[in-house]
Amino acid sequence: MKVMTIYGTRPEFVRLCLILRKLDKVVDHVTVHTGQNYDDSLNAVFFRELDIRPPDEHLAASGTFAEQAATIFVGVEQAIRKHRPDRFLVLGDTNSSLGAVVAKRMGVPVFHLEAGNRCYDESVPEEVNRRIIDHCTDVHLPYTQRSAGHLIREGIPSSRVLVVGNPICEVMRRYRGSIRSSDIVTRLGLPRH
Numbered sequence: 078m079k080v081m082t083i084y085g086t087r088p089e090f091v092r093l094c095l096i097l098r099k100l101d102k103v104v105d106h107v108t109v110h111t112g113q114n115y116d117d118s119l120n121a122v123f124f125r126e127l128d129i130r131p132p133d134e135h136l137a138a139s140g141t142f143a144e145q146a147a148t149i150f151v152g153v154e155q156a157i158r159k160h161r162p163d164r165f166l167v168l169g170d171t172n173s174s175l176g177a178v179v180a181k182r183m184g185v186p187v188f189h190l191e192a193g194n195r196c197y198d199e200s201v202p203e204e205v206n207r208r209i210i211d212h213c214t215d216v217h218l219p220y221t222q223r224s225a226g227h228l229i230r231e232g233i234p235s236s237r238v239l240v241v242g243n244p245i246c247e248v249m250r251r252y253r254g255s256i257r258s259s260d261i262v263t264r265l266g267l268p269r270h
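78 is the number of the first residue of the sequence shown in my numbering; add one for each residue after it.
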């Protein structure tokens, strides 16, 4: 089985790091970095510290929402044609995750981690993204029962919803020692709490 995972922001790197490594071990895994928050030096630190391999594809999406979305849509279409994944994994509600629309249109089943989150404020760009992504997702992987309930109330069959918990919990457990031994707070002159 071949799984394509898309990401593009630093919070996605953190939440996905252990999942990316696990997928690399158990499936033919293709990663697509949209470049939504791309900065060579910052990304290098995150990739090194979290032991994330370089992406297979880099889309360099930047600019306005429309420019980012266009680059992501075209890039994801090209990546899917090139790699022919069996599954498409997205996390969250960033513009990167809108690649799910393309995967769905191309017949690739979409799996959405962090599905069902809602703030019910449509002036929030991420809220619009959440609704779009959730309604083109095949398998919803919400963190909580509350998020699962949102999906079910919106007409998503419960058979397509699996509560998985928040992957940041495993990330925090995995990196607890590094976090505790870090001297960054002292180096930045911040108070310890």
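Keep in mind that the hints were calculated from the coordinates and are not lab data.
Treat the hints with care, as some may be off.
[To be verified] Below 25 Å or equal to it, Euclidean Cα-Cα: the simulated DSS-like pairs (lysine-lysine) are:
hint : residue 1 : residue 2
1    : Lys181    : Lys159
2    : Lys99     : Lys79
3    : Lys102    : Lys159
4    : Lys99     : Lys159
5    : Lys181    : Lys79
6    : Lys79     : Lys159
7    : Lys102    : Lys79
8    : Lys181    : Lys99
>> Checking one constraint from the list: CA of Lys102 to CA of Lys159, max 25 Å. Satisfied?
In response: holds (21 Å)
>> Given the hinted pair Lys79 and Lys159, is their Cα-Cα distance within 25 Å?
In response: Holds - the C-alpha atoms of Lys159 and Lys79 are around 12 Å apart, at most 25 Å.
>> For Lys102 and Lys79, compute the direct alpha-carbon distance and say whether it is at most 25 Å.
In response: Judged against 25 Å, a Cα distance of about 12 Å means the pair holds.
>> Lys181 and Lys99 were given as a pair; does the straight-line alpha-carbon distance stay at or below 25 Å?
In response: Answer holds: Lys181 to Lys99 is near 24 Å, not above 25 Å.
> Are the Cα atoms of Lys181 and Lys159 separated by 25 Å or less?
Replying inline: Judged against 25 Å, a Cα distance of about 16 Å means the pair holds.
> Does the alpha-carbon distance linking Lys181 and Lys79 stay inside the 25 Å limit?
Replying inline: holds (16 Å)
>> Can you confirm whether the C-alpha distance between Lys99 and Lys159 stays at or below 25 Å?
In response: holds (23 Å)
>> For Lys99 and Lys79, compute the direct alpha-carbon distance and say whether it is at most 25 Å.
In response: Roughly 13 Å separates the two Cα atoms, so the pair holds.
When each numbered hint is compared with the structure, no violation occurs for any of them.
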